Amino acid sequence: MGQLNNKTNYKKNIKPYQLKPNYLMNCIKAFLVGGFICLLGEALQNFYIRFFDFTEKTAGAPTQGTLIILSCLLTGIGVYDKIGQFAGAGSLIPVTGFANSITSAALEHKSEGIVLGIATNLFKLAGAVIVFGVVSAAVLGIIRLFIMNLLG
Amino acid sequence: MPKMGKQTWKFMSNIYLSSTGTTAGPLESQGPLGNSFDQVYDDMHCGESNWELAERTLMREAIGHCLRKVSKKEQDIDIFLAGDLLNQTVTSNYIAGENQIPYLGMFGACSTSMETLAIAALLVDSGFANYVIGAVSSHNATAERQFRYPTEYGGPRPKTATYTVTGAGAALVSKEASPILIKEATIGKVTDWGIKDANDLGSAMAPAAADTIAAHLKDTGRQPDYYDLIVTGDLSSVGSPIAKQLLYEKGYNVDGVHQDCGLMIYRPDQPVFAGGSGAACSAVVTYGYIANQIASGSLNRVFVVATGALFSPIVSQQKETIPCIAHGVVLEAAGGQ
Amino acid sequence: MEYLIAFVIGGLICVVGQLLLDVCKLTPAHVVVTFVVIGALLDSFGIYDQLIKFSGAGATVPITSFGHALLHGAMAEGKEHGYIGIAMGIFKLTSAGITSAILFGFIAALIFKPRG
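Chains as they are written, first to last, in my numbering: chain A, 1 to 152; chain B, 1 to 337; chain C, 1 to 116.
Hints are computed from structural coordinates only; laboratory data are not their basis.
Computed from a prediction, not measured in an experiment: that's the story for all the values here.
Do not take every clue at face value.
Output of the computed footprint for chain A on chain C, the stretches with three or more beta carbons under 8 Å from beta carbons of chain A [unchecked claim]:
#1 14-23
#2 77-85
#3 100-114
The calculated lysine-lysine pairs, modelled on DSS-like cross-linking and capped at a C-alpha distance of 27 Å, are [claimed, not checked]:
#4 B:K6 <-> B:K189
#5 B:K196 <-> A:K12
#6 B:K189 <-> B:K3
#7 A:K20 <-> C:K25
#8 A:K11 <-> B:K319
#9 A:K82 <-> C:K25
#10 B:K183 <-> B:K69
#11 A:K20 <-> B:K319
#12 B:K196 <-> C:K25
#13 A:K11 <-> B:K250
#14 A:K57 <-> C:K79
#15 A:K124 <-> B:K196
#16 C:K25 <-> B:K319
#17 B:K6 <-> B:K250
#18 B:K159 <-> A:K12
#19 A:K11 <-> B:K159
#20 C:K53 <-> C:K92
#21 B:K250 <-> A:K7
#22 A:K12 <-> C:K92
#23 A:K20 <-> A:K82
#24 C:K53 <-> A:K57
#25 B:K159 <-> A:K124
#26 B:K250 <-> B:K10
#27 A:K12 <-> B:K189
#28 A:K124 <-> A:K82
If you anchor each label on the Cβ, the simulated ranges turn out as follows [said to hold, decoys possible]:
#29 B:A177 <-> A:G127: 56 to 62 Å
#30 B:V70 <-> A:A128: 52 to 58 Å
#31 C:K92 <-> B:P32: 32 to 38 Å
#32 B:K3 <-> A:A128: 49 to 55 Å
#33 A:K7 <-> B:Q30: 36 to 42 Å
For each residue, glycine too, the CB sits at the ideal point set by N, CA and C.
Please take these sequences and the hints and turn them into a complete structure.
This is the structure we're talking about:
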């Protein structure tokens with residue numbers, strides 16, 4: 001092991017001391033929880049198609065809505081952050097993670113009032129998702145439209 | 001000479017840690033040192049309507065316990081030194097407004113505990129004050145909100161992250177005899193070795209801790225085994241071995257005498273990542289457990305080195321490195337005098 | 001069988017996210033943003049539609065579908081109204097998701113107390 005007392009190479013030399021994430025275990029947990037949330041989504045989607053007037057195309061909306069309500073509830077009763085620490089990306093990537101980021105930010109700032117606390121902080125974390133989603137979709141849309149017009 | 005070497009103050013008269021008060025939250029009370037705190041809360045809100053008020057209650061009650069143990073009142077205190085982790089140290093400011101003791105706000109992030117204790121001892125030794133209270137607090141939820149993500153956010157944190165201790169510690173410093181003497185204090189320099197990851201403060205603060213400990217040993221001409229215990233504030237399981245290795249390379253072997261408050265306060269199986277952190281971490285361990293151990297004679301000489309990361313979330317997001325500091329105070333059993 | 005496919009595909013998408021977190025050391029916010037952009041990119045080549053056809057909720061539940069739906073809505077209107085249609089249609093398909101997230105997030109914040 002090299003000399004640790006070396007300011008310039010400190011960041012490199014301390015690598016062996018830093019706790020490594022358990023890559024495999026984290027991936028398995030993310031897979032299981034993420035997969036389970038999608039499975040739940042599939043079941044909800046079939047439920048809405050079978051018992052309500054939804055088609056395969058339109059059933060996505062109520063499915064996402066139900067998952068979002070569930071996520072908001074779990075965030076409110078203080079469970080979603082525990083799931084998140086266990087599952088990592090497994091509960092971050094599904095739409096429930098989006099709802100969690102909104103609810104948690106709103107809840108966190110509740111003590112500052114409804115307007116300046118809850119409402120202005122609602123998109124503190126989720127705002128980035130919407131901004132990047134809209135910007136990338138708009139840019140890609142314009143490019144595609146331009147090419148389509150070009151090709152007639 | 002009151003000054004030893006470059007960074008160390010030696011107090012000329014007998015300065016005592018006359019009384020201490022500690023409060024802690026639910027997770028801390030379930031830890032191995034749970035019995036050593038004066039008051040524990042089983043709810044993070046501590047009966048208040050929001051986190052900031054909860055932190056204030058923690059500090060208020062810690063000071064209350066500290067004063068009641070020696071039957072003192074706020075009016076008896078000459079100066080109140082306090083700090084916490086919130087912007088503009090608001091917890092301390094409001095408590096100072098309540099207790100109406102002349103007040104100096106302190107900030108050294110998580111090193112504030114020993115910063116206040118060192119200055120308190122200095123003020124008493126110099127005769128500018130007879131009774132000084134030093135207090136610090138931190139609250140997991142207020143610190144998480146300010147430095148990281150909302151508490152209910154499900155984004156996972158890496159293993160190197162630390163968990164802010166919910167609690168507060170207060171110390172009364174005076175010349176009134178007690179079992180614990182405050183002998184020396186070593187003031188640290190800001191040490192910044194280029195770590196940028198706010199989720200790895202242990203690595204960032206280890207060089208600061210090693211720097212202050214080495215400076216202290218050099219100034220006093222001592223070896224680590226002069227102490228029964230050299231305890232760092234919140235280096236956690238990541239920073240502790242790094243600090244030990246840094247000291248070893250400087251020629252000081254602290255194996256066997258070194259411990260870390262962030263590792264002492266929780267059981268290894270509690271969900272705290274790499275260990276505890278926060279201004280209250282070193283304060284509640286020192287003013288609770290360590291003070292009891294010195295008073296009971298189990299420990300004789302202890303060097304407490306509180307470590308602090310002096311960054312803000314804004315500069316951290318601007319990709320700046322984290323400046324760190326460590327201040328140390330020597331506590332000694334008065335029995336031998 | 002469709003449940004198994006939804007489980008496996010959804011799980012695998014999350015594993016990619018986990019690798020971005022652990023190996024590339026991205027913050028959760030960066031990972032989510034990356035996924036949204038990837039979703040929009042995959043939609044441009046019609047790949048994401050195939051994935052939805054194949055795995056159902058396995059592809060519609062992860063946040064990648066948000067990027068996909070944004071572009072999808074934008075293109076549908078864009079074809080009809082030209083460039084201005086992109087601005088008109090971008091939130092068309094995602095409206096239900098965003099509205100319910102805002103509404104229920106707001107209500108949850110009103111009802112509950114943070115637990116720490």
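Against the structure, the hints:
no., hint, verdict
1, 14-23, "holds (count 10)"
2, 77-85, "holds (count 4)"
3, 100-114, "holds (count 14)"
4, B:K6 <-> B:K189, "holds, 11 Å"
5, B:K196 <-> A:K12, "holds, 13 Å"
6, B:K189 <-> B:K3, "holds, 16 Å"
7, A:K20 <-> C:K25, "holds, 11 Å"
8, A:K11 <-> B:K319, "holds, 15 Å"
9, A:K82 <-> C:K25, "holds, 21 Å"
10, B:K183 <-> B:K69, "holds, 22 Å"
11, A:K20 <-> B:K319, "holds, 22 Å"
12, B:K196 <-> C:K25, "holds, 13 Å"
13, A:K11 <-> B:K250, "holds, 18 Å"
14, A:K57 <-> C:K79, "holds, 20 Å"
15, A:K124 <-> B:K196, "holds, 22 Å"
16, C:K25 <-> B:K319, "holds, 15 Å"
17, B:K6 <-> B:K250, "holds, 17 Å"
18, B:K159 <-> A:K12, "holds, 18 Å"
19, A:K11 <-> B:K159, "holds, 17 Å"
20, C:K53 <-> C:K92, "holds, 20 Å"
21, B:K250 <-> A:K7, "holds, 14 Å"
22, A:K12 <-> C:K92, "violated, 49 Å"
23, A:K20 <-> A:K82, "holds, 21 Å"
24, C:K53 <-> A:K57, "holds, 10 Å"
25, B:K159 <-> A:K124, "holds, 25 Å"
26, B:K250 <-> B:K10, "holds, 23 Å"
27, A:K12 <-> B:K189, "holds, 23 Å"
28, A:K124 <-> A:K82, "holds, 20 Å"
29, B:A177 <-> A:G127: 56 to 62 Å, "holds, 59 Å"
30, B:V70 <-> A:A128: 52 to 58 Å, "holds, 53 Å"
31, C:K92 <-> B:P32: 32 to 38 Å, "violated, 57 Å"
32, B:K3 <-> A:A128: 49 to 55 Å, "holds, 52 Å"
33, A:K7 <-> B:Q30: 36 to 42 Å, "holds, 39 Å"
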